[in-house]
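Asks: Read off the chains here:
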Amino acid sequence: MVEEVRDDLKYTESHEWLKVEGNKAKVGITDHAQSELTDIVFVELPAVGKEIKKGDELCVVESVKSVSEIYSPVSGKILEVNKKLEDAPEIINQNPYDDGWLIEMEIEDKTEIDKLLDPESYRKSI
Amino acid sequence: MVQRSPLHEIHKGLGAKFTEFAGFEMPIQYSSIKDEHLTVRKKVGLFDVSHMSNVWITGIDAEKLISLATVEDASRIGNGKSQYTEILREDGTIIDDTIFMHLDDKYMMIPNAGMASTATDWLNEKAEEYNLCAKAENFSKDYVILAIQGPKSRDTLQKLTDFDIGTVKFFGCQYIDIADTDCIISHTGYTGELGFELQITPSKTAKDVFDKILEAGKEFGIKPIGLGARDTLRLEKCFILAGNEFESGRTPLEALLGWTVNWDHDFIGKKAILKQKEKGDFQRLTYLECIEKGIPRHGCKVKKDGKDVGIVSSGTLSPCLNKGIAMAYVHPDFREKDSTLDILIRNNPVKAKIVKPPFVKKDWAEEN
Chain A
1 MVEEVRDDLK
11 YTESHEWLKV
21 EGNKAKVGIT
31 DHAQSELTDI
41 VFVELPAVGK
51 EIKKGDELCV
61 VESVKSVSEI
71 YSPVSGKILE
81 VNKKLEDAPE
91 IINQNPYDDG
101 WLIEMEIEDK
111 TEIDKLLDPE
121 SYRKSI
Chain B
1 MVQRSPLHEI
11 HKGLGAKFTE
21 FAGFEMPIQY
31 SSIKDEHLTV
41 RKKVGLFDVS
51 HMSNVWITGI
61 DAEKLISLAT
71 VEDASRIGNG
81 KSQYTEILRE
91 DGTIIDDTIF
101 MHLDDKYMMI
111 PNAGMASTAT
121 DWLNEKAEEY
131 NLCAKAENFS
141 KDYVILAIQG
151 PKSRDTLQKL
161 TDFDIGTVKF
171 FGCQYIDIAD
181 TDCIISHTGY
191 TGELGFELQI
201 TPSKTAKDVF
211 DKILEAGKEF
221 GIKPIGLGAR
231 DTLRLEKCFI
241 LAGNEFESGR
251 TPLEALLGWT
261 VNWDHDFIGK
271 KAILKQKEKG
281 DFQRLTYLEC
291 IEKGIPRHGC
301 KVKKDGKDVG
311 IVSSGTLSPC
321 LNKGIAMAYV
331 HPDFREKDST
341 LDILIRNNPV
351 KAKIVKPPFV
361 KKDWAEEN
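So the sequence lines, in the order shown, correspond to chains A and B.
Sequential numbering from 1 applies to the first sequence in our numbering.
Sequential numbering from 1 applies to the second sequence in our numbering.
Looking at chain B on its own, in the form it has when it is part of the complex (with noise of 0.2 Å):
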C-alpha cells in the first residue's frame, strides 16, 4: 500500500504534483523543479520529508549498538550532537545510509524511506546476536520531518521562537519548541545550504508547523519543495541517494564515504572494507560535468576511447549551471581530474569532464 504524508491534503492545496517514491506518494514539485531549486539557493524552501524514517534506538547499550552497526564510532559523538554515517552488511555494502542524533540517553536514527523495517531489524537482530542490551524501535508513522533549507532558513525559524537558533551548531540537535510545538531540531540538511530539520511528533501537530513557517517565510520569499528540487539540489553538491548511489552493493569506500569512516573501532563490515582498501582496484564514485549538450541520467554508460570504464548512478541537468552533470562509477584508471571521459546517451557520447565535488561552490548564490 502506497503511503502518504500526513500532510498531503495541505500540500493538495498548494498544488502540489506527486509522485510514488520508496512507497510513498510525496509531493514531486508546486510550481517548477527549477524555481523550487533556485528558491532554496537563494532565499529559503520548506520541505516534507516525512517519507524519512524514524527509528529510537534506547537501552544502556544504545551507544554500542550504533558504533557496532555503523561505521561511526558512537562514543565520540556527544549529547546533543548528530551523525551522518552508514550500516554496512558483513560484506562491507552499504545497507543504508542515515544520521543518527544523540538526545539525552536516546539516539535517533534516521534511515532512508522505505528502510525503517530493514533497519529495525537489522539493529535487533545484531544487539540480540551480540549480547546488547539496547533495543530499536520503528516509529516513522508517528513523526513528520519538515527540512527549512536556504541562506533565510534560520531567520525564518527564528521568528516561531523564543530559543537563540544561531547556538545550534552545524549538526548539533536538540529539543526545542517552534511554532508553540515539541519539535526536535537539527541543523542539517540534504541540499548544501543552510539549513535546519525538525521532528515532529505527534504528526498532526505538524500541520500548524508547517503553515507557520510558510507564514514566517513569506517575508523571505519562501516556497514549498518538491522531491525533484530535492533530487537536483543535492545532485550538485555530490550527496548521494539510497538506490542510486548504493543500489546494488557499493561499499562507502567505492561512494567516496572513507571520510565517514571511523577506523578505530571495531563495526561490521569492517574487515571487508579494509581488504577492499588495500587492493584499491575498486570502481569509485567519480563527478563528471558535460562539456557537449546533453543530460546523463542513471544507468547510462560512461566510456573512454569507446571502452566501457563506468556507469552513471545519478545524472540531471543542474538548474544552477544550466549544464549536465553526473555522479558515475569509474574504474580507478581513468579518474583523473580534468580528464574527459564521454557519457553514452541514447547510443550518442557526450563529453564530460572529471570535476572536483560540488558541482555547485557554496558562494554560488552571491556571484548569481
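The shape of chain A in the complex, shown without the other chains (with noise of 0.2 Å):
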C-alpha cells in the first residue's frame, strides 16, 4: 500500500505535518503514521489557548496496544482543537490529512516553518 504524502504540506521526521495559511496552521500525523500505529482509539487534546514550544508535547494519540506523543512542529498557541476525534478517533485512520487534523494553532515564528521537511525529504526518509 501506497502511503500518501502531499505537496501542499510541511513534515517533521517524527511524522507530523503542517498545513500553513498565513499566521495560522493546522497540524496532523500523516499517512505513514497512522498506517504504523493501526486502530487510533483514544486522542488526547491539548487545551484551547494553550502555549507550545517547538518539540513540545502536543496531544496523545493511542491505539489499542500503543502510547504516542504527538509534538508541536513549530511553536504557537493553540487556537482550535478537533473535537470530533474525542469521539471517533478512527477518522485520523480514515483521513489523516483532511478531517484527521489535530489542532489548529497561530504560528509564533514562522522561520521556523523552513527548517520543516518538503515533501521530497520526507517520502525519502519513511
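Mixed in with the good hints there might be a few duds.
Unchecked claim - Using 20 Å as the maximum straight-line C-alpha spacing, the simulated SDA-like pairs for lysine to any residue come out as follows:
1. B:Lys293 x A:Val67
2. A:Lys50 x B:Asn348
3. B:Lys293 x B:Asp338
4. B:Lys293 x A:Ala88
5. B:Lys17 x A:Glu36
6. B:Lys301 x B:Lys353
7. B:Lys323 x A:Ile91
Unchecked claim - Restraint-style ranges between C-beta atoms, simulated for each label pair:
8. A:Lys83 x B:Glu219: 41 to 49 Å
9. B:Lys337 x A:Glu120: 56 to 64 Å
10. B:Asp281 x A:Ser35: 44 to 52 Å
11. B:Val355 x A:Glu51: 35 to 43 Å
12. B:Thr118 x A:Glu90: 36 to 44 Å
13. A:Val2 x B:Lys159: 35 to 43 Å
14. A:Glu90 x B:Ser203: 32 to 40 Å
15. B:Thr19 x A:Ser14: 14 to 22 Å
16. A:Asp98 x B:Lys207: 41 to 49 Å
17. A:Asp98 x B:Phe170: 49 to 57 Å
18. A:Lys83 x B:Ser203: 46 to 54 Å
Derived from the structure by calculation, the hints contain no laboratory data.
Quick caveat, the model's predicted, so the values are computed rather than measured.
Every residue gets a Cβ at the ideal spot worked out from N, C-alpha and C, and that includes glycine.
Reconstruct the complex from the two isolated chains, following the hints.
Replies: Structure, rendered in C-alpha cells:
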C-alpha cells in the first residue's frame, strides 16, 4: 500500500504534518504514522489557548497497544482542537490529512517553518 | 540473541508486523489488532505461539516432582488431561504460571516465553534436593505451538482429521494426526473462546499444518492473529500475563489464583501462602472498567480520594466493549464491587468501576 505524502504540507521526522494558512497552521499526523499505529482508539487533545514550543508534546494518540506522543512542529498558541476526534478517533486512520487534523495553532515564528521537511525529503525518510 | 519462530517467513509473507517479546521476534499484528480480536471472538483465528516453552518431565517420580513444584496435586490429573497451575518460590511468589499435560508416562509442561531454562533448572534442582527420580528437559526449540481459537475452531480442525475432535474434552490432551502430521492437541487456550492448541515437532512439519489450517478455516473467515490481539483477548477474560501480573513477586492469592491451589498436598511455597492467607492484608487483583474516557496502562496508579490504593498491572482499550479496562493490584479495603476508583493516566484521574470478571461475558459474540 502506498502511503500518501501531500505536496502542499510541511513535515517533521516524527511524522507530523503542518498546513500553513497565513499566520495559522493545522497540525496532524501523516498517512505513514497512522498506518504504523493502526486502529487509533483514543486522542488526548490540548487545551485551547495553550502556548506551546516547537518540539513540545502537543497531544497523545493511542492505539490499542501503544501510546504515542505527538510533537508540535512549530511554536505558537492553540486556537482550535478537532473535537470530532474525541468520539471518533478512527477518523485519523481514515483521513489523516483532512478530517483527521488534530489542532489549529497561531504560528509564533514563521522562520521555524523553513526548518521542517519538504514533501520530497519526508518521502525519502519513510 | 533474538529468536524467531520457524514460521517467521510465513508470517512475513502474510504481512505481519513484528515485535520483540521475551527474547522472541513474533508477529504483533497482521491486519489490525481490533480486527483480529473480533475475528477470534466471532469466527476463528490462528496464532503461532512458538515463543512459549516446551519442557518434558519424565521418570518414575515425574508426578511427585510436579506436585512438589506446583500448587497442583498431579496425582489428581489423569492421563489425557491437562492442568493450569503455578510454580512458586519458597516465599510463595510465582516463578511462572504454566499448563502441564499428562501424556501416558510423561508430562509436558508449557512454561511462558523465555522461561524454559528457568523452569527446567528449577525442576531439576528440586528433583535432586528432594531425591526424586525425575528429569525435566527443555525441548522448546524442537516445537512449534499453534493455537486455533474462536467459535469456529473445532469446525476448522475437524476438516483436517478423521478423529472426532468433539471427543477432546475441555483441558483434555492427546496425540492426534492433523493435516497428516503428528501433533499433541489440547482443548486449551488464552482467549476465553472455544479453542485448541497444537504442539508440533519436528518444527519444520508445522509450516504445512499452519497453511492447511488457514486454508481449512477460509470458509469460516479465519485470520492469522498476532500477539497484540492475544493480549487484548486474554485481558478481556481476566487471564493473567507473566511479566505484568507477577513481575515483582506476587503470590497466587494476590493474583486471585487461590482456586488453582490444591491445599491438600505439600508443595514449595505452601507455608508462605498459608501464612499470607491467615493475615489477609495483601493487595489483590481487581478488575476495573473505566466509566470515563481513557485507556489504563501497565504501571498507572490507582487512587481513592487522592490516596494511593493500588497499581495497574495490565490495561487496554477493550475492543469488544470499546472502554478502557484494567487489572490492578488494589488494597483489600478498597475492592468492593461497584465502588469506583480513580486510575491516574498521565496525571489525570479517570474514574473506573470495580466489576466482576470477566469483562467480556461468554455470550458476547451472540449478542453483538
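Asks: Taking the hints in turn, state whether each one holds.
Replies: Now the hints, each set against the structure:
1. B:Lys293 x A:Val67: holds, 15 Å
2. A:Lys50 x B:Asn348: Between A:Lys50 and B:Asn348 the Cα gap is close to 17 Å, so the pair holds against 20 Å.
3. B:Lys293 x B:Asp338: holds, 18 Å
4. B:Lys293 x A:Ala88: holds, 12 Å
5. B:Lys17 x A:Glu36: Cα-Cα ~9 Å, so holds.
6. B:Lys301 x B:Lys353: holds, 15 Å
7. B:Lys323 x A:Ile91: Judged against 20 Å, a Cα distance of about 18 Å means the pair holds.
8. A:Lys83 x B:Glu219: 41 to 49 Å: holds, 44 Å
9. B:Lys337 x A:Glu120: 56 to 64 Å: At roughly 59 Å between Cβ atoms, A:Glu120 and B:Lys337 fall inside 56 to 64 Å, so the hint holds.
10. B:Asp281 x A:Ser35: 44 to 52 Å: Check passed, 49 Å falls within 44 to 52 Å.
11. B:Val355 x A:Glu51: 35 to 43 Å: The hint (35 to 43 Å, Cβ to Cβ) holds, given that B:Val355 and A:Glu51 are roughly 41 Å apart.
12. B:Thr118 x A:Glu90: 36 to 44 Å: holds, 41 Å
13. A:Val2 x B:Lys159: 35 to 43 Å: Hint holds: Cβ distance 37 Å, inside 35 to 43 Å.
14. A:Glu90 x B:Ser203: 32 to 40 Å: holds, 39 Å
15. B:Thr19 x A:Ser14: 14 to 22 Å: holds, 20 Å
16. A:Asp98 x B:Lys207: 41 to 49 Å: holds, 43 Å
17. A:Asp98 x B:Phe170: 49 to 57 Å: The hinted range 49 to 57 Å holds for A:Asp98 and B:Phe170, with Cβ atoms some 50 Å apart.
18. A:Lys83 x B:Ser203: 46 to 54 Å: holds, 52 Å
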